[in-house]
Each structure stands twice: as C-alpha cells, then as structure tokens.
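Below are the chains, spelled out letter by letter.
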Amino acid sequence: GESVGLHLPTLSVQEGDNSIINCAYSNSASDYFIWYKQESGKGPQFIIDIRSNMDKRQGQRVTVLLNKTVKHLSLQIAATQPGDSAVYFCAENSQGAQKLVFGQGTRLTINP
Amino acid sequence: SQTIHQWPATLVQPVGSPLSLECTVEGTSNPNLYWYRQAAGRGLQLLFYSVGIGQISSEVPQNLSASRPQDRQFILSSKKLLLSDSGFYLCAWKKQGSTDTQYFGPGTRLTVL
Numbered sequence: 001g002e003s004v005g006l007h008l009p010t011l012s013v014q015e016g017d018n019s020i021i022n023c024a025y026s027n028s029a030s031d032y033f034i035w036y037k038q039e040s041g042k043g044p045q046f047i048i049d050i051r052s053n054m055d056k057r058q059g060q061r062v063t064v065l066l067n068k069t070v071k072h073l074s075l076q077i078a079a080t081q082p083g084d085s086a087v088y089f090c091a092e093n094s095q096g097a098q099k100l101v102f103g104q105g106t107r108l109t110i111n112p
Numbered sequence: 113s114q115t116i117h118q119w120p121a122t123l124v125q126p127v128g129s130p131l132s133l134e135c136t137v138e139g140t141s142n143p144n145l146y147w148y149r150q151a152a153g154r155g156l157q158l159l160f161y162s163v164g165i166g167q168i169s170s171e172v173p174q175n176l177s178a179s180r181p182q183d184r185q186f187i188l189s190s191k192k193l194l195l196s197d198s199g200f201y202l203c204a205w206k207k208q209g210s211t212d213t214q215y216f217g218p219g220t221r222l223t224v225l
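Protein chains in written order, with the working numbering: chain A, 1 to 112; chain B, 113 to 225.
Isolated chain B (complex conformation):
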C-alpha cells in the first residue's frame, strides 16, 4: 500500500530564516506530487505541483520554491521566511495520467515569529 510522509510535523521559525519541508511517498512510482498551504480556518491553496523529477509548476508567485530531486521526494523551501508564511502545509500525491483520488500527508504546522 502507498503511504505519504511529511516532516517535521511542527516547526517554529523566526522571520528571515530559511525553510525546508520534506515530503516522501512510498509504494508507488512516478506520482504527481502537490504542495498546499492552509491558513487557519480557511481552504486549501495549491502552491506547487510536479509531474516528474525536476518538473515544477508554480501556482502562486510568492516567497516559496519547490524541488523534486527524486521520484518520490518533494521539497518546499524558502530562503527567508515572512510572517505571512505561517500556516499548515500539506503534501499530496496522485497516480499520474489518471483521473484518480489525490491522497494527503499528515501536514506540517509552520509558525513564523
């Protein structure tokens, strides 16, 4: 069966510090991968998605970037965090090439102070 992992689970960072959130998927190959952000009490905002290694599509121009160095690894980064980067970050995967369900990871709660 497939599983998706995110770490860390929670993170408190000062403004201006760098960020690296990691997401890995097990039990499948060549998945589509997604990063979402969710502000408290709000909906899901798609940040980036990837259909293959090194292929990143950006949905919202902002202070973040994404990379996919390996088939089942998706990384969300920032060089300098802003207060507005606080939120709940969710990674998700889907089988490529199919109209199919997207599965979410457990999320990372980021607080920027």
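Excised from the complex, chain A in its bound form:
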C-alpha cells in the first residue's frame, strides 16, 4: 500500500514502563486482526490475534484492544524489556479475503 515506502514511526519507552502501540484500519468488514513482532534481520513473528466479536484479549505481558466503532487496534506491552525492541505490525483480514492488509509498522525502542 501507500504506507510501504514511508519510514517507520518510532516509539521510545523506558525499560519497565508499559508500551502502547496503535493501529488504525479502514475496512469495516475486517473481522480478524493480528499483531506481529519483527526483530532485526528476521521474519515477522505472530504475537497475538483478536476476532471482531471481542474487544480485548490478553496474552503473556501483551494485551490487544479492539475498538470497532472508531476502527482502532492497540497493542499494550506490560513492563517493557530490552527484548521487546522490534518493529510491530498490525494486520487485518476479512472473511473470504485471501490476503492480509498490513499497517505501516511502529519501531519500539527501549531506553535503559
């Protein structure tokens, strides 16, 4: 998409603080959402997903929130650690669609 060529926005947080990464989507028919983590030189890794019949889902130190009214998705990381430094991508899918639509990504950096 058009965002592919843009530099990634950056979020800097202190180690131990909570991080919140946001993502907006435009397709009201999207019913499945995924967050990926991509470390330098590696492929994106699945972190957590959520379906549109939910508004919150928790994993280990991560929580995804979905607000369908404003088409907004967020990833919360609790007690951020140095190993959380990475680029985070959101992705959306709708029933019958063969491909995901990815957000532009956010680079999370952790300050000691």
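Please keep in mind that the hints were generated in silico from the structure rather than gathered at the bench. Note that the structure is predicted; figures quoted are calculated from it, not measured. Be a bit skeptical, because a hint or two may be false.
[As the list claims (entries may be wrong)] In silico DSS-like cross-links for lysine-lysine, where the CA-CA straight-line distance does not exceed 27 Å: (1) A:56 / A:68; (2) A:99 / A:56; (3) B:207 / A:71; (4) B:207 / A:56; (5) B:207 / A:68; (6) B:207 / A:99; (7) B:207 / A:42.
[What the hints assert, rightly or not] Stretch-level coverage of chain B by chain A, calculated; a stretch enters the list once three of its residues show a Cβ under 8 Å from a Cβ in chain A: (8) 156-168; (9) 214-221.
C-beta atoms are modelled at their ideal positions from N, C-alpha and C, and glycine is treated no differently.
Please arrange chain B on chain A, whose structure you already have, making use of the hints.
Same frame as chain A, now just chain B:
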C-alpha cells in the same frame, strides 16, 4: 507442526543477473503462499500470492515473477536483476479458506550491486 523454510538466507548478485529464491512449507497441505519485499526501515510490500499450484496473483507489476510448481513450494524469480530489487524477501503461508494467521519464513536478504 508447520514450518516454513527460505533459502538462501543471504544473496549478493550483480545487476543483470538472474534470481531464484525458494520457499517451502512443511506440515500442511494446500496452503495460501505469499511473497513480500521489505526495504530497509520500511513496511511489508506484497508481491505475489498463490491459492494453489500454478495459480499466481501479482500485486505489483515489476521485474519479478513467481511460480508454484508444487503444493508447498513457492519460487520468486527474475531474469535480470535491478539495483532496486535489493531488499529483504519474505515468504509466508496461511491455511486456505480460513480467516487465520499468516506465518512468515526467516527471509532472504538480497543485495544487488
């Protein structure tokens, strides 16, 4: 469990040379397969996807082509590489017919000189 492999891991090629990157998936059958490219510090650009053997959908017209000769094999090719083909190439798979997670391979770092 399912695994996805890509090779080579890194590749340095001269301008004008051909390219062949391979992706294979194990532990599943009839997956959807995808090729993405990622420039340094940028997002994911979908290049091709396939829902079955011999079925290729192209997302971006360019100097590349894709083929799926076997159910779990996806190949990205070029007859003559350009400098702009440099990047990180990622293969991914997803269960067909489901709204489900897409899983990525480890990627191939291509540098065209």
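Here is how each hint holds up against the structure:
Between residue 56 of chain A and residue 68 of chain A, the direct Cα distance comes to roughly 11 Å. Compliance with the 27 Å bound is thereby established for this hinted pair. Taking the CA atoms of residue 99 of chain A and residue 56 of chain A, the gap is near 24 Å; set against the 27 Å cutoff, the hint holds. Of the pairs offered as hints, the one joining residue 207 of chain B and residue 71 of chain A holds, with about 26 Å between alpha carbons and a cut-off of 27 Å not exceeded. Straight-line distance between C-alpha atoms of residue 207 of chain B and residue 56 of chain A comes to about 24 Å, which keeps the hinted pair within the 27 Å bound.
Between the alpha carbons of residue 207 of chain B and residue 68 of chain A the distance comes to roughly 25 Å, so the proposed pair stays at or under 27 Å and holds. The straight-line distance between the Cα atoms of residue 207 of chain B and residue 99 of chain A is roughly 11 Å, inside the 27 Å bound, and the hint therefore holds. For the hint linking residue 207 of chain B to residue 42 of chain A, the alpha-carbon distance of about 22 Å falls within 27 Å, and the restraint holds. A count of 5 residues in the stretch 156-168 of chain B with a Cβ less than 8 Å from any Cβ of chain A is obtained; the coverage claim is therefore met, three being the minimum.
A stretch counts as covered by a chain when three or more of its residues have a beta carbon under 8 Å from one of that chain; for the stretch 214-221 of chain B and chain A the count is 7, and the coverage holds.
Of the hints listed earlier, there is not a single one the structure fails to meet.
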